[in-house]
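Visitor: Could you put together the complete structure from these sequences and hints?
There are 2 protein chains.
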Amino acid sequence: MYAKLTLSAAFVALAFSHNALAADHNLSADILVVGAGSAGLTAAVQAAEKGKKVILLEKNLGVGGSSQFAEGLFAVGSEWNRLRSDPLTKEEAFKTLMEKHGYVIDAAKTKDYVEGSAENISWLAGHGIKFEVVRMTPWEAATWHVISDYKGTNHGAGLIKGLKDAADKAGVETKLGTPATELILNKEGAVVGAKAADKKGNTYTISAKAVILATGGFGDDPQKVKNWAHRDPEGWKSSVPIGKTGDGIVMATKAGAAMGNVSFVQHLGTEGKGIKFLGNLYATSWQPSALWVNCDGNRFSNEDVAFSFAQAANAIYAQPHHYGWSIFDDSQVQYMMKKGVDSGIGVLVPVGQKLPNLQKEIDDAVTVKSDGFKTADSVAQLAKELGVPEANLQKAVEQYNKACEVGHDGEYYKEKTYLRPLNTKKLYAIKLKAYFFSSYGGLNTNRKHQVLDKNNKPIKGLYATGLEVSDMVGPTYSTWSSGHAFGFASYSGRHAALNAIDEMK
Amino acid sequence: MYAKLTLSAAFVALAFSHNALAADHNLSADILVVGAGSAGLTAAVQAAEKGKKVILLEKNLGVGGSSQFAEGLFAVGSEWNRLRSDPLTKEEAFKTLMEKHGYVIDAAKTKDYVEGSAENISWLAGHGIKFEVVRMTPWEAATWHVISDYKGTNHGAGLIKGLKDAADKAGVETKLGTPATELILNKEGAVVGAKAADKKGNTYTISAKAVILATGGFGDDPQKVKNWAHRDPEGWKSSVPIGKTGDGIVMATKAGAAMGNVSFVQHLGTEGKGIKFLGNLYATSWQPSALWVNCDGNRFSNEDVAFSFAQAANAIYAQPHHYGWSIFDDSQVQYMMKKGVDSGIGVLVPVGQKLPNLQKEIDDAVTVKSDGFKTADSVAQLAKELGVPEANLQKAVEQYNKACEVGHDGEYYKEKTYLRPLNTKKLYAIKLKAYFFSSYGGLNTNRKHQVLDKNNKPIKGLYATGLEVSDMVGPTYSTWSSGHAFGFASYSGRHAALNAIDEMK
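The listed protein sequences derive, respectively, from chains W and R. Per my numbering, residue 15 is the first one in the first sequence, and the count goes up by one each step. Per my numbering, residue 15 is the first one in the second sequence, and the count goes up by one each step.
Please note that a few of the clues may not be correct.
As the list makes no split between identical chains, a pair holds if one copy fits it or if it spans any two.
[To be verified] Taking lysine-lysine pairs in the DSBU-like style, the calculated list, with each CA pair at most 30 angstroms apart, reads:
hint	residue 1	residue 2
1	374	471
2	114	416
3	430	240
4	104	114
5	440	519
6	209	104
7	125	398
8	287	353
9	409	519
10	416	123
11	430	114
12	462	290
13	439	209
14	104	409
15	144	468
16	240	114
17	165	67
18	430	125
19	189	209
20	471	251
Hints in this document: simulated from the structure, not taken from any laboratory.
Guide: This is how it looks when you write it as structure tokens:
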């Protein structure tokens, strides 16, 4: 999912301020890559290693983008899977993806991705990046190739560090704090470069034989969330806002690209006064062993849907006013402190990780009278604290405790393992809300990763990669194919570069 | 799916023409039901049988609505399932529905529906309607309870006939050609009746203790398809246009209801000059044993997705310009004429039904130079006829025939049974397009089927049923739970009536 949010402030670009020494520059490259997340960096490295002159633009002051906060990449049938005897075949992966996404996704591109995913991990490993396959929850396949190390750094940051080293070594010219502002077209409508500008007032006119867009999603722009994704930006919030404003999609559509389908990489979560993002208390919101109720005090889902963070977000969003409460008790607190969490938040809070600070964080949240966390010594009091009808909450707790007693959830069939009765003498509740890590989609591409125009013809010289690409996922992200978005970034970046080189011949 | 389209013209309401004898009428009822499809008729019958005075309004000149064209109802664990030893449990049905719809659907209402579905069939059977469970394709569960007979009529028309008889017997006052025009609210915002008008210029002010909306979908209004469903009405077309304009949704939102999520009951199909709807040639468009290519001449899906008509529609819609071609040859024609179809179009063209007129319909389509059907005596000629790049089509046919030869579809993993090589000396192609039978959704309701306002509070006196109800399906209709929409109509109609009566006490 996401890591090290504290880094983000450091590399989000500062506002432009014109400088007296600013100048207009004319540059040229074989391949211009826009955006230095894992998609853009991989494209740049791949192209430069093939001997091409590459310029890489990044609007933020550091490389990495959303990938900086990711952890693992999707792959099927990799060397790492082989050593674990993971049973998933490429055939089953393809079929399951098509089925899970209701055949709204692109079968050809999905097939290519599944087929090429393992080789992609091997290529990255060839650059010194180490991987391990992790199953984050029992509801997913063993597709998640987590970066275990690159020179002392793991997860997304490790991948980015490795790719940046490779880019430097291969001679990629990286310009930070320098967003592309528009694409340059020739008379035939082919893309032949882009304009860019930095905060010192320098402007750049960069000619290139191909432009590879890798600017990521648009989820940090609420207007686009509303107009492009038709989702309520009040109900769905960006969990890692780092300036994802769909710049590549905007530039490409101005250059004639069609607007494609858009989706979200959604997940459950919480927020509130005194609740630390990814802290011990935060981690309780992802647990399957609680009782979930909505603002009417009614239970609304089998709570083990928490094992599928995207589906869990849907379930929460579907409730009145788009939120819920996760109710647990002291025995759960003790369990999480001593035995650790049942459902990991990726590998940031891995399965089984103990939450030693949980009691303290609970006490702190109580002290500051958190709006996202409540405690009570009876169901009646809890109903009051949560502002839900007491009769409904009483019924929900009673039915739930009865289900725990007999070991069968006749209401929503939650797995017996997570049916743990609530001691109503001391109850806790943490608010549940729906978030998205990023949007996923915006531009239609073909199997060569070329951007398509409104007549579905490729725009010569223009490629799109990673989170900008439509029809890789349906409206609900599949957590079953763990690492799908992060894996697709480098996979599509590399193959866009290879195809761009091929087209130049 | 749908039956007897020829009936439709007869009962779509004529334009209004004012009549000199027209008058204003004041009527009253315990329960006013708006719309006389299976949801409205069932609500009316249930309420009248409980001794309530019921008025039933229908804007068309005949009862039935979309149900007239449907065939079977969803149910799990019915008496009919018992006699077939069908293995599906209610637990598995619930879990599968939640999973298939990505938890965007309402778990509580879904649970209620699954639990109550069998009893609903029994209740209908108690009114003389006969059922049989049919598995339409190998990709679905045995949930489809097809109406086998009601006094000589089967399918949706049989159900409607049975319900209409029951309504008449129970004393329901049915007014045809009389659309409700607006809801009447009291000072507290509760619904206390509705206004209506007929084509003779009569107007009606009907007071009622409860109003049950059962006006069906909005799919025949392209503006609503665009604005409510955010789908391109050029790419998605209504297959059975009978005046489904979302009247109930419009009236309810004017009365303060929130607009909920909307979906489609989508399916694949074809159209073109000389192609008879549901004819022998039409039926070939639903077959898994053909080769499907898009307008670029590229194969785009495992063709056995035809077994899931909603997913097949998605796959076709996802192609450039939203269409494709299904290519087959003479051996397939012979197969369909002698052994019958592999994939049924519901029970209208059931699995195994022979297509005796296929050769004649092919000849006729050729004679009229159909835009939806092409024939050629080589791949090169077919490419020309279809207007697709020859090289791509050659490659698609070659790869496909190779897959047939070795009995393994390495591209999209179509089941071996349906890999039948094409004789390129004589090829046929029928156009594939995406349709929807109806929209599904529009109003948020609670477990009592009460319509919810923007604060998620029930609007007193107002109920919604059937295709008007949100959050029963996700963006893609599930053909796995065959009969879901048709089953929900009578199920929700009945329970809305029972709850309305309960609220009156």
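Visitor: Now look at each hint and say whether the structure bears it out.
Guide: Verification of the hints:
| no. | hint | in the structure |
| --- | --- | --- |
| 1 | 374 / 471 | neither (59 angstroms within a copy, 38 angstroms between copies) |
| 2 | 114 / 416 | between (34 angstroms within a copy, 28 angstroms between copies) |
| 3 | 430 / 240 | neither (39 angstroms within a copy, 44 angstroms between copies) |
| 4 | 104 / 114 | both (15 angstroms within a copy, 21 angstroms between copies) |
| 5 | 440 / 519 | neither (71 angstroms within a copy, 38 angstroms between copies) |
| 6 | 209 / 104 | neither (41 angstroms within a copy, 60 angstroms between copies) |
| 7 | 125 / 398 | between (53 angstroms within a copy, 28 angstroms between copies) |
| 8 | 287 / 353 | within (27 angstroms within a copy, 69 angstroms between copies) |
| 9 | 409 / 519 | between (71 angstroms within a copy, 23 angstroms between copies) |
| 10 | 416 / 123 | between (48 angstroms within a copy, 21 angstroms between copies) |
| 11 | 430 / 114 | both (25 angstroms within a copy, 22 angstroms between copies) |
| 12 | 462 / 290 | neither (43 angstroms within a copy, 39 angstroms between copies) |
| 13 | 439 / 209 | neither (65 angstroms within a copy, 54 angstroms between copies) |
| 14 | 104 / 409 | between (47 angstroms within a copy, 23 angstroms between copies) |
| 15 | 144 / 468 | neither (41 angstroms within a copy, 51 angstroms between copies) |
| 16 | 240 / 114 | both (25 angstroms within a copy, 25 angstroms between copies) |
| 17 | 165 / 67 | within (27 angstroms within a copy, 79 angstroms between copies) |
| 18 | 430 / 125 | between (37 angstroms within a copy, 18 angstroms between copies) |
| 19 | 189 / 209 | within (13 angstroms within a copy, 67 angstroms between copies) |
| 20 | 471 / 251 | between (34 angstroms within a copy, 24 angstroms between copies) |
The structure does not agree with the numbered hints 1, 3, 5, 6, 12, 13 and 15 stated previously, though it agrees with the rest.
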